[in-house]
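A.B. asks: Letter by letter, the chains look like this.
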Amino acid sequence: MTESNYDEIMQLLCDRLRDLASTDVLITPETNLINQLSIDSIKLLNLIMEIEDTFDISIPINALTDVQTVGELVDLVHKIKTTSS
Amino acid sequence: MSSTITKLNAPLTQAFDFQPSSELHLTPTPTLNTLIQQLAGFDTLTSALEYAAKGITGYNFYDAKGNVRSVLPYKTLRQNARILAQRISGFDLPGGSRVAIIADTSPEFVELFFACRYAGLVPFAMPVPVNLGSHAIYVQQLRGMLESSQASIALANIDYINFLEEAVTGVASIRWAGTPGKLSELPVSDVVLQPNDPDETAYLQFTSGSTRTPRGVVITERALMCNLQGIVRNGLEIKPDDRSASWLPFYHDMGLVGLVLAPMVTQISVDYLATRDFAIRPLQWLRLISRNRCTIAFSQPFGLKLCTLRVRESDLNELDLSCWRAAGIGAEMIRPETLRNFSEKFASAGFDESAFLPCYGLAESTLAVTFSKINQGCNSLKVDSKTLIDKKLAVRLQADGRKQNEFVNCGRPLPGHIVKIVDEDGHQLSEMMVGSVLVKGDSVMTGYYNNPEETSKALRPGNWLDTGDIGFLFEGDLFITGRRTDVIIVNGRNIRAQDIEELAEQQPEVRSREASAFGVNGEDGTTTIVLVIECRLTSTPERQSLVTRLQQLVYMAFGVNCVVELVPPHTLPRTSSGKLSRFAARQGYIQRTKLVDQLSFVESGDR
Chain X
1 MTESNYDEIM QLLCDRLRDL ASTDVLITPE TNLINQLSID SIKLLNLIME
51 IEDTFDISIP INALTDVQTV GELVDLVHKI KTTSS
Chain V
1 MSSTITKLNA PLTQAFDFQP SSELHLTPTP TLNTLIQQLA GFDTLTSALE
51 YAAKGITGYN FYDAKGNVRS VLPYKTLRQN ARILAQRISG FDLPGGSRVA
101 IIADTSPEFV ELFFACRYAG LVPFAMPVPV NLGSHAIYVQ QLRGMLESSQ
151 ASIALANIDY INFLEEAVTG VASIRWAGTP GKLSELPVSD VVLQPNDPDE
201 TAYLQFTSGS TRTPRGVVIT ERALMCNLQG IVRNGLEIKP DDRSASWLPF
251 YHDMGLVGLV LAPMVTQISV DYLATRDFAI RPLQWLRLIS RNRCTIAFSQ
301 PFGLKLCTLR VRESDLNELD LSCWRAAGIG AEMIRPETLR NFSEKFASAG
351 FDESAFLPCY GLAESTLAVT FSKINQGCNS LKVDSKTLID KKLAVRLQAD
401 GRKQNEFVNC GRPLPGHIVK IVDEDGHQLS EMMVGSVLVK GDSVMTGYYN
451 NPEETSKALR PGNWLDTGDI GFLFEGDLFI TGRRTDVIIV NGRNIRAQDI
501 EELAEQQPEV RSREASAFGV NGEDGTTTIV LVIECRLTST PERQSLVTRL
551 QQLVYMAFGV NCVVELVPPH TLPRTSSGKL SRFAARQGYI QRTKLVDQLS
601 FVESGDR
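If you're matching them up, the sequences are chains X and V in order.
Residue 84 in UniProt numbering sits at position 84 of the first sequence; the count goes up by one each step and never skips.
Residue 451 in UniProt numbering sits at position 451 of the second sequence; the count goes up by one each step and never skips.
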């Protein structure tokens with residue numbers, strides 16, 4: 001995909017996170033990846049690989065330190081996607 | 001360095017994505033050298049590099065897609081490190097001053113590390129941040145190391161400089177902090193670089209993520225040279241046609257000593273993949289081994305597990321791992337199934353299971369303590385579980401059908417080193433008896449920097465290093481059966497129970513000595529961290545808020561999930577001196593949650 005808008009990224013990530021999450025929760029931009037979705041390190045690595053492959057971007061490791069919620073992750077992907085294309 | 005500077009305004013991009021067009025077709029350093037191989041035997045690191053620089057081998061860095069990103073022959077490393085040393089000398093610091101470097105897998109880190117040695121300074125590697133949402137806690141961890149080491153200079157490349165600048169704020173010892181690019185703008189002083197003394201400190205190795213009590217292992221040039229010689233001559237039997245591949249972080253002892261320094265003191269080439277790139281696409285490591293015909297590559301068992309989990313049948317066809325003669329395994333307890341699963345999966349790609357090379361070591365003994373015999377693969381011993389628990393005795397299994405435990409043979413100590421097993425009172429135990437593993441020899445640290453309390457816990461009279469591991473000896477070979485309860489290993493990461501308890505005690509609702517952390521093992525061998533808190537809160541939302549906050553903090557600091565259990569005051573068992581007993585706390589938790597088969601022999605005795 002060459003052009004991705006914000007809502008598309010949000011939709012894709014929410015779908016993917018629903019599959020990964022160990023509990024049945026409603027996923028919103030405010031959902032906390034760590035304590036609400038229990039995304040452990042292996043799930044996180046898988047998720048990053050999928051995001052990188054889907055959007056053809058590279059997510060720098062230092063940027064994830066400021067990501068705690070679904071919304072923050074979408075913001076990051078969107079920011080990288082728009083600056084790299 | 002110029003590429004780093006041009007990226008100053010684009011902090012989200014990796015500094016190395018940018019390559020001048022002239023560097024697009026980089027050729028990695030060759031495997032075969034023009035120089036006669038010398039297997040360690042140098043008196044210092046810089047004298048080893050002076051020799052290696054006469055050849056054509058060196059370090060190669062690859063990107064996530066497997067393309068060469070930069071090439072650093074030992075010859076260039078020597079030149080660049082010497083020039084950097086002359087720039088650093090301009091600060092006119094006393095010999096032995098500490099220099100902190102955030103160590104991502106880059107040529108800059110290696111250049112700075114050697115520059116420090118040429119300038120008579122003591123470098124140490126600090127980790128890169130790896131956990132979601134870890135910004136604040138990572139900065140605290142950096143500050144802990146800077147303060148504990150009393151560092152004078154701190155360096156980070158463009159990706160991490162923001163964290164470093166936050167961390168150095170208010171650290172009184174810091175004279176200068178910046179990027180390698182900024183350092184390169186400083187003048188080259190005309191100082192004549194002096195050779196180092198074998199008795200001076202070569203580097204510090206931090207072993208704990210604690211913000212309050214970080215522990216920087218002090219390793220002298222002599223200890224380092226002794227350990228490297230043992231590794232390359234006795235452990236690996238390095239030959240002129242060897243080549244290494246590694247994804248291990250440069251801020252871990254196995255990554256730094258085993259896969260940066262050991263190749264250099266034997267003048268062989270290495271191919272590096274960044275840890276992050278391996279973690280996301282582990283097969284890139286195997287592709288590097290296959291493509292460059294690498295012969296030596298180390299991993300924690302967890303790294304092998306990642307490869308086994310992620311590989312697809314189609315990947316196997318393109319791999320030829322028959323060149324891999326030494327697959328070193330260490331840094332956490334080795335479960336034979338992990339190795340069996342890996343070799344079954346990769347046999348069709350030419351992997352030979354006799355390449356498995358289990359070893360045992362720890363940063364407090366530079367890196368390696370024991371190596372199993374090369375080319376013999378992984379050997380293990382099956383022992384009777386009941387005798388092990390009841391009598392702390394390893395008895396080889398005579399009949400099938402009895403419950404058993406299988407332990408991997410980690411081999412014999414390197415020359416000049418002795419391993420002994422002792423009971424709780426420090427008395428030496430005979431073969432097959434399970435107890436604490438103690439090590440003595442020239443590779444053992446002189447202590448933790450500026451931390452006499454922790455040093456006296458680890459170094460016992462007669463300079464015996466208490467490793468904190470539990471095991472037994474059989475026919476001179478070491479078998480590790482577990483760790484004492486003060487360290488929890490999750491997915492290959494060593495996490496100190498004390499560091500988790502410290503995080504909990506920083507919460508206003510938790511008093512000191514009212515938190516206990518330990519690991520419990522699932523049937524599949526996975527470890528879960530449990531944090532038990534004595535809690536006076538009665539309202540459900542307040543209790544829930546504490547649990548959630550603690551889980552989040554532990555995740556940010558250590559990248560793992562944990563179970564938090566709130567119990568009434570006075571539930572946690574204490575010793576006669578009022579100290580919490582993690583072992584007893586764990587037994588209590590297991591009984592409350594009815595995981596009774598967890599009551600085991602492997603973890604007993606608190607430090």
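Any given hint could be a false lead.
As the list claims (entries may be wrong) - Cut-off 25 Å, straight-line C-alpha distance, at most; resulting in silico cross-link-like pairs (DMTMM-like, lysine to aspartate or glutamate):
#: 1; chain 1: V; residue 1: K345; chain 2: X; residue 2: E50
#: 2; chain 1: X; residue 1: K43; chain 2: V; residue 2: D241
#: 3; chain 1: V; residue 1: K65; chain 2: X; residue 2: E30
#: 4; chain 1: V; residue 1: K65; chain 2: X; residue 2: D7
#: 5; chain 1: V; residue 1: K54; chain 2: V; residue 2: D241
#: 6; chain 1: X; residue 1: K43; chain 2: V; residue 2: E165
#: 7; chain 1: X; residue 1: K79; chain 2: V; residue 2: E165
Hints are computed from structural coordinates only; laboratory data are not their basis.
A.B. asks: Against this structure, judge whether each hint is valid.
C.D. replies: Hints, verified against the model:
| no. | hint | in the structure |
| --- | --- | --- |
| 1 | V:K345 x X:E50 | 23 Å, holds |
| 2 | X:K43 x V:D241 | 39 Å, violated |
| 3 | V:K65 x X:E30 | 33 Å, violated |
| 4 | V:K65 x X:D7 | 29 Å, violated |
| 5 | V:K54 x V:D241 | 17 Å, holds |
| 6 | X:K43 x V:E165 | 31 Å, violated |
| 7 | X:K79 x V:E165 | 24 Å, holds |
Hints 2, 3, 4, 6 from the earlier list are contradicted by this structure; the remaining hints agree with it.
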